[in-house]
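Hey, can you work out the whole structure from these sequences and the hints?
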Amino acid sequence: MATVEFRVGARAHIVVDSDVCRSCTTKACVSACPANLFAPTSDGGILFNYEQCFECGTCYMVCNSEGAIEWTYPDGGQGVVFRHG
Amino acid sequence: MADGGQGPAPAPVGPSPVGPLVVACLDPADLRQEVDPLTGEVRADWRRADLSASDGAALEHSLRAAEAWGGTVLALAAGPPGLDPVLEQAVALGARALRVPWSDAHSGPAVDAVALAAALAAAISQAGPPALVVCGDRSPSRGIGAVPALIAHHLGAEQALGLVSLTVDQSSQVVIAERRLDGGWRERLRVRAPAVCSVEAAGVRLRRAPFAAALRSSGQPIPVAASQSGVASTGAQLRIGGPRPYRPRTKAVAPPMGGTHDRLLALTGVLVAHDPPRIVGPLGPVEAAGELLDFLDGHGYSPPSGPAQ
Amino acid sequence: MADTPSPDSFDAIVVGAGPAGSAAALALARAGRSVVIIERGPFPGSKNVYGGVVYARVLDDVIPNWWEQVPVQRWVVRRSTMVMTGSQAVTVDVRTQAWGRPPYNGMTVYRADFDSWLADQAVAAGASLVTSTVATGLVRDGTGRVTGVRTDRPGGDLASRVVIACDGVNSFLAKEAGLLPKADAAHHTLGVKEVLALPAEVIEDRFGLAPGEGLDIEMIGCTRGIPGGGFLYTNRDTVNVGVVVSLTGLAASGVRPEELIADLKEHPAVAPWLRGAAVKEYGAHLIPEGGYDAMPALAADGFLVAGDAAGMTLAAGLWLEGVNFAIGAGLAAGRAAAAAIAQGDVTAAGLAGYRKALEANFVLQDHKRLRGAPQLVLSDRMQRQYVQLICDLAEQVFTVTNPEPKPGLVKLLLRGARRHKVRVRDLVRDGIETAKVFR
Numbered sequence: 001m002a003t004v005e006f007r008v009g010a011r012a013h014i015v016v017d018s019d020v021c022r023s024c025t026t027k028a029c030v031s032a033c034p035a036n037l038f039a040p041t042s043d044g045g046i047l048f049n050y051e052q053c054f055e056c057g058t059c060y061m062v063c064n065s066e067g068a069i070e071w072t073y074p075d076g077g078q079g080v081v082f083r084h085g
Numbered sequence: 001m002a003d004g005g006q007g008p009a010p011a012p013v014g015p016s017p018v019g020p021l022v023v024a025c026l027d028p029a030d031l032r033q034e035v036d037p038l039t040g041e042v043r044a045d046w047r048r049a050d051l052s053a054s055d056g057a058a059l060e061h062s063l064r065a066a067e068a069w070g071g072t073v074l075a076l077a078a079g080p081p082g083l084d085p086v087l088e089q090a091v092a093l094g095a096r097a098l099r100v101p102w103s104d105a106h107s108g109p110a111v112d113a114v115a116l117a118a119a120l121a122a123a124i125s126q127a128g129p130p131a132l133v134v135c136g137d138r139s140p141s142r143g144i145g146a147v148p149a150l151i152a153h154h155l156g157a158e159q160a161l162g163l164v165s166l167t168v169d170q171s172s173q174v175v176i177a178e179r180r181l182d183g184g185w186r187e188r189l190r191v192r193a194p195a196v197c198s199v200e201a202a203g204v205r206l207r208r209a210p211f212a213a214a215l216r217s218s219g220q221p222i223p224v225a226a227s228q229s230g231v232a233s234t235g236a237q238l239r240i241g242g243p244r245p246y247r248p249r250t251k252a253v254a255p256p257m258g259g260t261h262d263r264l265l266a267l268t269g270v271l272v273a274h275d276p277p278r279i280v281g282p283l284g285p286v287e288a289a290g291e292l293l294d295f296l297d298g299h300g301y302s303p304p305s306g307p308a309q
Numbered sequence: 001m002a003d004t005p006s007p008d009s010f011d012a013i014v015v016g017a018g019p020a021g022s023a024a025a026l027a028l029a030r031a032g033r034s035v036v037i038i039e040r041g042p043f044p045g046s047k048n049v050y051g052g053v054v055y056a057r058v059l060d061d062v063i064p065n066w067w068e069q070v071p072v073q074r075w076v077v078r079r080s081t082m083v084m085t086g087s088q089a090v091t092v093d094v095r096t097q098a099w100g101r102p103p104y105n106g107m108t109v110y111r112a113d114f115d116s117w118l119a120d121q122a123v124a125a126g127a128s129l130v131t132s133t134v135a136t137g138l139v140r141d142g143t144g145r146v147t148g149v150r151t152d153r154p155g156g157d158l159a160s161r162v163v164i165a166c167d168g169v170n171s172f173l174a175k176e177a178g179l180l181p182k183a184d185a186a187h188h189t190l191g192v193k194e195v196l197a198l199p200a201e202v203i204e205d206r207f208g209l210a211p212g213e214g215l216d217i218e219m220i221g222c223t224r225g226i227p228g229g230g231f232l233y234t235n236r237d238t239v240n241v242g243v244v245v246s247l248t249g250l251a252a253s254g255v256r257p258e259e260l261i262a263d264l265k266e267h268p269a270v271a272p273w274l275r276g277a278a279v280k281e282y283g284a285h286l287i288p289e290g291g292y293d294a295m296p297a298l299a300a301d302g303f304l305v306a307g308d309a310a311g312m313t314l315a316a317g318l319w320l321e322g323v324n325f326a327i328g329a330g331l332a333a334g335r336a337a338a339a340a341i342a343q344g345d346v347t348a349a350g351l352a353g354y355r356k357a358l359e360a361n362f363v364l365q366d367h368k369r370l371r372g373a374p375q376l377v378l379s380d381r382m383q384r385q386y387v388q389l390i391c392d393l394a395e396q397v398f399t400v401t402n403p404e405p406k407p408g409l410v411k412l413l414l415r416g417a418r419r420h421k422v423r424v425r426d427l428v429r430d431g432i433e434t435a436k437v438f439r
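Residue numbers (this note's numbering), protein chains in the order written: chain A, 1 to 85; chain B, 1 to 309; chain C, 1 to 439.
Among the hints, a few may not be true.
[What the hints assert, rightly or not] Computed footprint of chain B on chain C; a stretch qualifies when at least three of its residues, placed anywhere within it, have a C-beta under 8 Å from a C-beta of chain B:
#1 35–48
#2 117–129
#3 236–250
No lab work stands behind these hints: they were computed from the structure.
Yeah, the Cβ is synthetic: ideal placement off N, Cα and C, and Gly gets one too.
What follows is the structure, given as structure tokens:
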């Protein structure tokens, strides 16, 4: 992750509702996120980061519980900046 | 818009100056420069120049100070025309902009900070007597950080550097600045205008420009300061030597544990098999070199055979 | 351009300064329309990652001699397809020097450079570009017609007669317009890639290239059985290595995407190429691989969709293209929007020229012809059994078993089929299906 520039915005563009996650058995976001931003917590919820996000959208696409992951683009000019994409 | 004045000083773009002049002295740079680990060569893409976090804070503080005083902001940067898009951002926020042409402004520590500061100070003076000059206290362009102090020297202004907060007193031309001290303490300074302040990226973020202003400013020509006679670069104040291999520090080894006997054995190594020292000389240079190479070879230090890929 | 845009109303707003958006804006600006491109990154291309090669002949009639100015890394003269298992690889390698001369075929680029260049062409033609601005939603009138976009800048509601959404694979605008489902894992793949630094001469030595020449390898069978594939291509002084995997397959497997790249980099056929290379960038992006059948409606009242937002990436096994489809669709969208504005009818019916133009050129014709390809390429038999079958067959054909005589090819094929539980019936049926899809 240290190879990529991230301009971290003040607003979290990913928000996870852990109450929904507690009933989720697959937690596909944990393994599928290419930036490894999601970590399961001992109480069955999900701890999430937004700072080093590639903004790919994998997490909300693989999420099987509607409404658990709220995903928007970061504010203009913030977020990942690829130089060699 | 600029008044189109044809005097010796080009009119900076943006609203015409009213009230006290607040200068945001910016150092746009490629925020992600690559350093070659072997040669130390720095690769930067100046088309990607942008404001660093502390330069963003400097511009935001300038805008706030100008609002409080009813003054205007001049965004100033030294460098090639490639920096203009960054200055356009400042124009979109209501500032005037001016670029000081400077070819080696981004050559890192080798930049001639004295000459650069003189050129910046001359450009500031040309725009009018400043009430406040705000700089970012850190830039990825790898300068040595002397420019703000040198500008203060040239302008004969007070200086307060490395600030975490900066507010201006609306009624008087006084700046209230806060600076970190050791041990979690802070000092609060009252600085009289004219002043040069450098700010950390703390507490504020640069505001977003309204869409219409961003659209208007995009592609607008940024005026260039007249070149200054007498501030030509006199060469770098700091000399940079060639890159050298990394030499790690001596490794500290923990003392052996256990009883006296065990410690003694461990320290002297009497029961550990080892090659006894051997006297090989005196030898001629060729034989001596051969001996050394054989020794290195035998201890796993042999150089890779054949030319490296 | 005919007139300077007034700050709050445009003929057209293009959302996203990728290949589709810049092409659309270029076409509109050339038609004399006021157009603004809104880009959420600090510069065009800063959010984009792609998997290999740009085929830019589509630019021939809009930017003559584009190859003299495009920020190219290498011209692709070698195109390989590699079928591999953990310890085997069978490669079909195509090389032609004709691809290294104008008008060229494919090129490798950095998207930050290429997308910025294409956006510059649009700006030079008279379009406006505002970066660091997210289009957060659509503005619609009482009838549901799209009349502008909301942005996240202060005072950022903009009005226009047509909005062209080129906002990429996650297109929230197409979703808001009801053209795309909110989440659709079945029709998307995840691409992850590493940019690895190697000196240009080393790249040229290892891959048998002359300066300026490039190589593109597509691989199948390197993703631990997760439907997908791998790729490797050369830039001037970097090599890009990555994998593309189906989202549903990835989620079900529990494998982390970067493990797949690590596997690929350690593969005995790949590792020697990458020896001593240092990671320069790691990135990830979604790819819409649904093909023709998963494409949304391309127009609504006052609204067009192009590029990844419309799922226009062609992932058909032999052909893996996207940027050219985005440019083709963007140009068509821009021209159709300009024509509709000139006619004064920007309803879906007035904008129908867009789909007609795409059906008349490669964009929809290729997609329609290859509509069955994504499913076929990502099918389990293709991904696992046939890969092993091909590798084993090739290995055994060239294994000299003296003093035993050589076995016949049919015998080897049948033996392999038995070993990998491939029924001859399926083999024949898939053969016919493949012939039908790629006819």
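Hints, verified against the model:
no. : hint    : verdict
1   : 35–48   : holds (count 3)
2   : 117–129 : holds (count 3)
3   : 236–250 : violated (count 0)
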